[in-house]
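Every letter in the sequence shown is one number past the one before it in UniProt numbering, and letter 213, counting from 1, is 213.
Treat the hints as calculated values from the structure; they're not laboratory data. Heads up, a few of these hints could be off.
[What the hints assert, rightly or not] Below, in silico cross-link-like pairs of lysine-lysine (DSSO-like), each with a Cα-Cα straight-line distance of 27 Å or less:
id, residue 1, residue 2
1, Lys50, Lys128
2, Lys229, Lys121
3, Lys4, Lys97
4, Lys229, Lys90
5, Lys32, Lys128
6, Lys50, Lys31
7, Lys229, Lys85
8, Lys128, Lys215
9, Lys56, Lys128
10, Lys157, Lys85
11, Lys215, Lys46
12, Lys21, Lys4
13, Lys32, Lys21
14, Lys121, Lys56
15, Lys4, Lys209
16, Lys46, Lys21
17, Lys56, Lys46
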Amino acid sequence: LWQKLVLTSSASVVFEGTDIKNGTEDLPYAKKPIDYYTETKILQEKEVLKASDPEKNFFTTAIRPHGIFGPRDPQLVPVLIQAAKSGKMKFIIGNGKNLVDFTYVENVVHGHILAAEQLQKDSPLCGKAFHITNDEPVPFWEFLTRILAGLHYDPPKYRIPYWLAYYLSLLFSLVLLLLSPLVAIRSTFTPMRVALAGTFHYYSCERAKRDMGYKPVVCLDEAIARTIKSYPHLHRTR
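Could you build all of it, start to finish, from the sequences and the hints given here?
Printed below as a string of structure tokens:
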């Protein structure tokens, strides 16, 4: 009797707020994870991969998607539109050229199925992590602009230098920390949020292509079109 475990991890387990270009699975885990969620992803991935024991017929692997999106997702698009409605989508952080991986949900599912099918004794998948993305890095702000434009919202048009945005967020975080004994304020304008919006972070899928025959089943253009179509209630009425 054998058992398989395919873990849904995250490519962000190696991200610390600085550029990652075509990053491989061999990059070290982040020593300063971007948030508590990512910290738990690191802990669970280490435990799951370490537990792989082909001699005892227990096989594990980890799938690392990045920037998952798709139809009816309650996070990315609704949050983006709410930000646009409240006037928070007017600025591009940096020069707008930083490439990022966004991954359509169907491609993430495809990667999981391939892993489950091929995870077996003597498989190169055992005890390893695999990046699964659309394999089409896109400028971060271009992706957001396409979503906004598809739902008839104005894209950001003003630019703020990355270094300025980063240090302003540090200052703002310090002010909130000093005020925390008096008032509780939650802010999304944090240094790590600025880093996510202003740095390169895209990842190589070569290991997944080689070891499990992965290739995306839905291209980015089609993925964006399907996603926009699923939110008719969020269309801006002019």
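We went through each hint and held it up to the structure:
{"no.": "1", "hint": "Lys50 x Lys128", "result": "9 Å, holds"}
{"no.": "2", "hint": "Lys229 x Lys121", "result": "43 Å, violated"}
{"no.": "3", "hint": "Lys4 x Lys97", "result": "41 Å, violated"}
{"no.": "4", "hint": "Lys229 x Lys90", "result": "24 Å, holds"}
{"no.": "5", "hint": "Lys32 x Lys128", "result": "22 Å, holds"}
{"no.": "6", "hint": "Lys50 x Lys31", "result": "19 Å, holds"}
{"no.": "7", "hint": "Lys229 x Lys85", "result": "19 Å, holds"}
{"no.": "8", "hint": "Lys128 x Lys215", "result": "18 Å, holds"}
{"no.": "9", "hint": "Lys56 x Lys128", "result": "17 Å, holds"}
{"no.": "10", "hint": "Lys157 x Lys85", "result": "15 Å, holds"}
{"no.": "11", "hint": "Lys215 x Lys46", "result": "26 Å, holds"}
{"no.": "12", "hint": "Lys21 x Lys4", "result": "32 Å, violated"}
{"no.": "13", "hint": "Lys32 x Lys21", "result": "19 Å, holds"}
{"no.": "14", "hint": "Lys121 x Lys56", "result": "10 Å, holds"}
{"no.": "15", "hint": "Lys4 x Lys209", "result": "20 Å, holds"}
{"no.": "16", "hint": "Lys46 x Lys21", "result": "23 Å, holds"}
{"no.": "17", "hint": "Lys56 x Lys46", "result": "19 Å, holds"}
Checked against the numbered hints listed earlier, the structure breaks hints 2, 3 and 12; every other hint is satisfied.
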